Amino acid sequence: MGGSYIADLANQITFLVALAVSLNLLLGFAGQMSMATAAFYGLGAYTCAIMTAQGMTLTGAAVIGPGWPFLGGLASAIVVSFVGGLVVAAPAARRVRGDYLILLTLAFHFLFVTIASSWVGLTGGPNGIVVPPIGFFGYEINTTDQAFWFLLAWAAFVSLVCWWIGRSPFGRLLRGIREDEIAIQALGKRTIAPKSLAFAMTAAMAGATGAISAAYMQFVAPTTYSLDLAILVAACVALGGPGNILGSVVAAIVIGALRPILENVPSLSSDSAVPWQTVIYGSILVAGMVFRPRGLLPEGLIAMRRFPREAISAVPRVVQATLLKTVGERDQPALAKSSVPSPMIASPIVRVRNLSKSFGGLQAVKDVSFDLHPGEIVALIGPNGAGKSTIFNLMTGAIRPDQGEVTLHGQSLAGADPCAVARSGMARYFQHVRILPGLSALNNVAIGVPRQAGENLAMTFLAPMRVARGEAEVRAEALRQLENVGIAPHANRTAQDLAFGQQKLVAFARLLATGAQVLLLDEPTSGVDPQAADQIIALVRTLAQSGKSICIVEHSLHVVSELADRILFMNAGAIMAEGTVEAITTRPDLVDLYFGT
Amino acid sequence: MNQLLQLIAFGIVQGATYALLAASFWLIYATTRTFHLAHSVTYAVAGYAAFVISVQLGLSLWLGAFASVISAAAVGCAIDAILYRPMRARGASVLSIFLASLGVAAAGAAALQLIFGPLVKQVPGFPNATLYLGSVTVTRLQVLTAFCAAATIFLVFLFITRTRTGNAITAVRTNPTMAMAVGIPVERISVLVFGIGSAMAGLAAFFETISFVAYPTMGLQPVMFGVIGVFLGGIGSIRGAALGGFVLGFLLVFSGLFLSQNLGVILVFAVLLVVVVFRPEGLLRSPSGA
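For the record, the sequence lines run as chains A and B.
Sequential numbering from 18 applies to the first sequence in my numbering.
Sequential numbering from 14 applies to the second sequence in my numbering.
Hints may be right or wrong, so weigh each one.
[To be verified] Not everything, but these chain A residues come out facing chain B in the computed CB check (under 7 Å):
(1) 119
(2) 246
(3) 251
(4) 255
(5) 310
(6) 313
[Claimed, not checked] Partial chain B-side listing against chain A, Cβ under 8 Å, derived:
(7) 163
(8) 164
(9) 168
(10) 237
(11) 278
(12) 279
(13) 280
(14) 289
Since the hints were derived computationally from the structure, they do not count as laboratory data.
Predicted model only: the values in this text are computed from it and were never measured.
Ideal Cβ placement from N, Cα and C applies to all residues, glycine included.
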C-alpha cells in the first residue's frame, strides 16, 4: 500500500484506540477481564478476509472465498464476533467470580490461534490470506493517507459509542455489577444479561476493528493476533483509567507511539524495538497498578455527569416534616393517611409457613410460621445463632428451604431467586450494607429505581430522548429518597468516602427507591451513632405508617421497643414466643435466654 | 490393542507434565487468590537457567536442573514479595493484581528476548535412549519426566496433608482472615507457596528445555494448560488439579487417534465449557480436603 509512513503510524494507533475503548467497556465499566481481545480482533479480521477473499492465498493455494464486497465482510465480522462473544461469555456470566471469564477467554485465545494457523483450507494457515482493500460503493482506499480519515472516524465512532453506553443507565448498571453483583440482584436487577451483552459488544467492536485493519493491511496472518496484543490493549485501559473512555484514548495514543519512536532510536536495531516497547509498557503497567491503580484519568474525573450544585444546596438538610407526606403519597396513592388499616384487621401480605432448613447436622430453622400485615413492624429477636438471618435468606430466595414456603400477595415464592423476590415487592436491607463504594450516593440510589428504560441497551440508542426523560425522572426520584433520609447534600460524594452511618442511610434510600412493599431490615442501626440510629428509627416508623410491611432483625432492645408492634422471639431455629414488647420483656425465662444470665 | 497401550503410555507421560503444571498453579492460585499469569515468566527463566548453566558455562545437566528449580523459586518468591505483597497490603483488587501480573508476563518475556535473542536455545546432552516395554515404545527421558512429575506431586501432596506447615497452607487457603486471627503468618505462607509452586514449574520447564528448546514465550502454553487443568479437575484440592492435568493430557493424546491434533484443542475447549457450565467446582468436588 502506498502513502506516507507517518499516516501508517497514525493508522496503527487508531486501531489501538478502538480496541482500548471497547475493552474499557468490559474491563472498566463491567469490571470483567477478557484475555480474548486479540482473538476477537483476529476473528473479525479472518471473517472479513474469508468473506471478501477471491479464493486464492498469497502463495496461490485455493481457499474458500465468496468474494463479498468490503461492507459485507465488515457486517459478517460484526455478527460473527458478537455471537462468538456471547458463546464465550455465557458460561462465565453466571458466576459471580470473574476468574472464570479470564479462564475461558484465555482458552478461547489459544483455540483461535490454533485454528487460524492450522486450518489451511479456510485460513491459509501460517501464510495467511490476501484481503481486498477497503472500499465503498466503488470508491477504494489504496493509500495510507486516504485511509487515515476513515480510520480516524472509525476510532472516534467507537469511542463515542462506548462513552454513550458508559454514561447511560445501562453503564451505571454495569458499574453497579462491578461493585457488588449480589447487591444488584437483591435490588431486583438481572445481572447475567448485562454482563453477557457488555462482553458481546466489546467482542463485536474488536471484531469490526479487526475487519477494517485486515482490509487496510490487505493481509491477515496468525502472528498478528498474539497474546501480547491482548496485554497491550489491557495495559492501555488500566493505565488510562478503567471506567474513563478519554483515559483509554490518551493511553492508547501514548503507548501506541512508543514503537515508532523506538524504531527511530539509532542505537536500537529495528528487531529490538518491539521487545523494548513490550518491556516498557509492561513495566509501566506494573508500576501503574502499584502506584496509581485507578489510572491516569480516574473514573468520575470527567466522564461522570455532576448534579448541579445549586439544586443540591437548595435542599434543606433535614426534611423530617415532609417525610411522611412524600413517602405516603408515592407508595399509597389510594390511601389517605388516616385510613391506613389497623394491622390486625387487614389480611397478611406475607405468609411464612412451616419453614425448615438444615445445614449438615445443624437445624438452623425449625418449622417457622408467621405473617406480615400491611403497616406492621414485626421484630425477630433472639440470641446469636437463633436463625434470624437464615430466615431472611430463606424469604428472599438466597437459600432454598428444605420444607415450607413463603407467599407474597398470595403467590408462592418457591424457587424464586433474590432478583425475582425483589421484583415481586420484597426487598432486603443487608446487615453489611452492601453499598456500591465506587459510585456516587445519588447513583447508588438511582440504581435501585425499578423498570428503567435506559437499562435496556437497545433503547439507549433507538430511543435516546425517552431514555433521557426516564433518566431525569430516575435522578429526581433518587434525590427525593436521599432527601427523605436527610443526606441529599452528599448526593455527589462517592459512597466509599461517606461515614458508615451515612452509608447506611444511602442504602436505606436505595431500598426505598425500589418501591418494595415489604422490607426486610437486617440490623439497620448496628454500628451507627445514636443520632443516626434515631433518624433510622423515625424513618422506619414513618414507612410503616405509610402502609409498608416491615420485618426487622435487631439486637438493640431500645430499637425494638421503639418500633415493634409484635415480637417473634427465636431460639435454636424455632419461634419460642410471640407477642407485644411488654408481653415478651416481662417473661423472665425469655429475658434469661436473651441475656444469657 | 498395541496402539491403545502406546496411547496410554503417551497419555501418562503428557498427563503427568500437565498435572505438575496444574498442581503448581493451583498451589499459588488457591492459597493466595492470585491469578498468577506471570507464572509463564518463571517457567521461561527456569528454561534459560538450564541453558546458561549447562551450555554457556558447560556444567553438568544435574546442575542445570538444580539451577532451573532454584531460579524458578527465586523468581516466584520475588514477584510475590516485591509486587503482590505491597499490593495486597494496600487492598488492591483482584483485577489490578491480575493486570500487574500481565505486565510482568509481557515485560518478562520481552526482556528474555532482549537478553538471549529471539532464536530458540537447545540444551543437548541427556543420554537418551528408546525403551521397549513389551509393545510400548517410550524414551528414557519421557519415563524420567513422568516419574519426576508424579513423585513431585505426591511429595507436595504429603507436605500439604501431613505437616504442620501444610495445615497452615490449607488454613490460609480456606479462610485467610481466620488463619491470621489464630496466628498463622499469612504473608510468610504466601511467599512459601509461591516458592514451592514456582519450583514445581521450574522442574517442568527444565524437562521441556532438555527435551525440546527454550524460547522467550515458552511459558505461556504450559501455564495455560495448567490453568485449564485446575479448573477442569477442581479448584478445591491438589488432587483435583492433578486429575485435571491428567484428563487434559489424555484428552489431547487420545483425540490424536481420531482427530487431527488441532481438533484436540477444540475438544479441550468444549470439555472445559461443559465442566464450567455443569460442574463449576470441577470434576473432583472436595470442599474441605487437601
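Evaluated hints:
For residue 119 (chain A), the suggested interface contact is upheld, since its CB lies about 6 Å from the closest CB of chain B, less than 7 Å. Here the hint on residue 246 (chain A) is broken, as its CB sits about 10 Å from the closest CB of chain B, past 7 Å. The restraint placing residue 251 (chain A) at the interface with chain B holds, with a minimum CB-CB distance near 6 Å, inside the 7 Å limit. Because the closest C-beta pair between residue 255 (chain A) and chain B is about 5 Å apart, less than 7 Å, the hint holds.
Taking 7 Å as the C-beta cut-off, the interface hint given for residue 310 (chain A) holds, the closest approach to chain B being about 5 Å. Against a cut-off of 7 Å between C-beta atoms, the interface hint on residue 313 (chain A) is violated, since the closest Cβ of chain B lies about 14 Å away. Given hint, residue 163 (chain B) at the interface with chain A, is violated; its Cβ is 25 Å from that chain's nearest Cβ, farther than 8 Å. A least Cβ separation of about 28 Å between residue 164 (chain B) and chain A goes past the 8 Å threshold, and the interface hint is therefore violated.
With its C-beta approaching chain A no nearer than about 27 Å, residue 168 (chain B) sits outside the 8 Å limit, and its interface hint is violated. Interface hint status for residue 237 (chain B): upheld, as the beta-carbon distance to the closest one in chain A is roughly 6 Å, under 8 Å. The beta carbon of residue 278 (chain B) comes within 5 Å of a beta carbon in chain A, closer than 8 Å, and the hint placing it at the interface holds. At about 6 Å, the closest approach between the beta carbon of residue 279 (chain B) and any beta carbon in chain A falls short of 8 Å, and the interface hint on this residue holds.
Because the smallest distance between the Cβ of residue 280 (chain B) and any Cβ of chain A comes to about 10 Å, over 8 Å, the interface hint for this residue is violated. With a least beta-carbon distance of about 5 Å to chain A, the hint placing residue 289 (chain B) at the interface is held under the 8 Å criterion.
Hint compliance for this structure: hints 2, 6, 7, 8, 9 and 13 are not met, and every other hint is.
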